[in-house]
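So the chains spell out like this:
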Amino acid sequence: MELRKTETYSVQQMILEKKSKKKINMEKVIPKLLFITAAISVFTTIGIILTLIFETFIFFDRVSIVEFFTEAKWLPFASAPSYGIMPLIVGTLKITVIAAVVAVPIGLATAIFLSEYASEKTRRIIKPILEVLAGIPTIVYGFFALTFVTPVLRDLFPSLDMFNALSPGIVVGIMIMPMIASLSEDALVSVPKSIREGAYALGATKLETTIKVVLPAAISGIVASIVLALSRAIGETMIVSVAGGSTPNMSMDVTSSIQTMTAYIVQVSSGDAGYGTTIYYSIYAVGMTLFVFTLVMNLLAQFISRKFREEY
Amino acid sequence: MKLINKSHVAKKMPARLAVNTICKGLFFLATLVGLLVLAILFYRIFTQGIGSLNVDFLQNFASRKPEEAGIKAALIGSIWLMVVVAPVSLLLGVGTAIYLEEYARKNWITTFIKVNISNLAGVPSIVFGLLGLTVFVRALALDRSILAAGLTMSLLVLPVIIVAAQEAIRAVPRDLREASFGMGATKWQTILKVVLPAAIPGILTGGILALSRAIGETAPLVVVGIPMFIAFLPQTVMDTFTVLPMQIYNWTSRPQEEFQQVAAAGIIVLLILLIFMNSIAVIIRNKFQKRY
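From first to last, the protein sequence lines stand for chains W and A. Counting along the first sequence from 1, when you hit position 1 you're at 1 in the numbering used here, and nothing is skipped either side. Counting along the second sequence from 1, when you hit position 37 you're at 37 in the numbering used here, and nothing is skipped either side.
Calculated directly from the structure, the hints in this document are not laboratory data. Don't take every hint at face value.
Lysine to any residue pairs mimicking SDA-like chemistry, simulated, CA-CA at most 25 Å apart [to be verified]:
#1 A/Lys24 with W/Pro128
#2 W/Lys121 with A/Lys11
#3 A/Lys11 with W/Leu202
#4 W/Lys307 with A/Val115
#5 A/Lys6 with W/Leu207
#6 A/Lys24 with W/Leu133
#7 A/Lys24 with W/Val101
All values reported here derive from a predicted model rather than from experimental measurement.
Kindly produce the complete structure, drawing on both the sequences and the hints.
Given below as structure tokens:
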């Protein structure tokens, strides 16, 4: 009888026995561990928001929020300090507008060339080069702006200051151009071929097809890519710190020294503003403003690409 | 019924075709702008920096004299930073990707996590610096250590790694999973022994690209307060240190002409490091990626 029992010792029993031996049930523990890792990205966002809110509150305890938004002077280092963020916002917007003037036409034209005109072979050469351009560290672009673009511009316009808005603006434009090119190209490529062929059949040239048929069909993706790229320009730090100077001002002049929100944070961080001083807390208030700007633009880009997408 | 006036069309045709050709040329010229800028940038930096780039430059510490300045502390510091960023960001990033692709149910929590990741990718890097300064440097009292900077950088590149790992896991075909389940494997056994090995080339490629972003980042480290002038090598992750972009930033912002050449030499070292990492990523992508 005993012998018979071992003979019918089935595979199923072996599995059951092995299962019962295990002390921890991996199948139940692992999903929980993985959920914790996924939660960390959420905690990062919460951490950023809480950090900015708490430290900004301390700042507004010392400087009135009305002064922060209405005062036209940003002079934190003066003996009678003045904290009006408008000059920093104006500086940031100057850079962003110049960058857009450079990046939007070049990026869009590159996207059209790659998706509509270039052969597969040309595309395979140019796309990796654009990726290299997008992968260059921003400090390298900053060095390039200061030691090459600024001197060249000063040869053309002798009135240009050593630190100005024009040179870093152009270089930020070059930096975000590959982003517009590659995201817009994705949008153009995803327009189905049949629509283009319909236009050709009606006798349209390639350009007419591109401008009147393909571009309108891809417009949501293109606009979203531009908004995303401009949000990158607003948050760009090292190029404007190195080549933009540190003179916050409200003027619309692009030939003189400026300061952006990001450059101010860098200026304070690399100096010796002691922990707990009003200047120390001011970088959080500026950071908060910057964060809100970029968040709104990112949400806008997501909204545009979802709401206005043409489905085929 | 009105027919098309053929002579009218024929008269307009040459002009339309000419505009088409001209615009094609303009689009091509615009494409060349990017390539031209890249060429000028490389040429300028190479000609400026090659004179200062020698064995001494790699072996010397930073110095007040441009001819004695070297990159040793920054180069070793960048490698130390990777020692922290690589394991932390890969562990968190791949874990999140597995959760989202394999375990997450379709509910509002999952949607929230996904929306959160795409928004986190758009937060300016300098804001991550403010987070690192407040949480890691001050609240957790890690001071200006490699660990504090490394954790800050890990959070910064996390969205990049998550998205790359998600794509790599999604590309593993269902058949492989079904076959594994059919052999009696549990879900975790299937993920660990079937899905992950098939997805590893994609994960590594994305991981290396994310690391090369971390190696080139400057802004968050300036905010965290990493010093720019260091004349010793770190021994543990709790030591303070400096990295290549910080050293380059320091040299660039000095007024003396000579330091700009030293900065260019530093940039050459940084670019070589980046090209090296990207080549490894490309090799992995081409060699090991199976097409199913």
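Each hint tested on the structure:
1. In summary, the hint linking A/Lys24 to W/Pro128 is supported, as the alpha carbons are separated by about 21 Å, within the 25 Å threshold.
2. Note on W/Lys121 and A/Lys11: the hinted pairing is violated, with a Cα-Cα distance of about 35 Å set against a maximum of 25 Å.
3. Pair hint A/Lys11 plus W/Leu202 holds up; C-alpha atoms about 17 Å apart against a cutoff of 25 Å.
4. Pair hint W/Lys307 plus A/Val115 holds up; C-alpha atoms about 16 Å apart against a cutoff of 25 Å.
5. Note on A/Lys6 and W/Leu207: the hinted pairing holds, with a Cα-Cα distance of about 21 Å set against a maximum of 25 Å.
6. Between the alpha carbons of A/Lys24 and W/Leu133 the distance comes to roughly 23 Å, so the proposed pair stays at or under 25 Å and holds.
7. In summary, the hint linking A/Lys24 to W/Val101 is supported, as the alpha carbons are separated by about 21 Å, within the 25 Å threshold.
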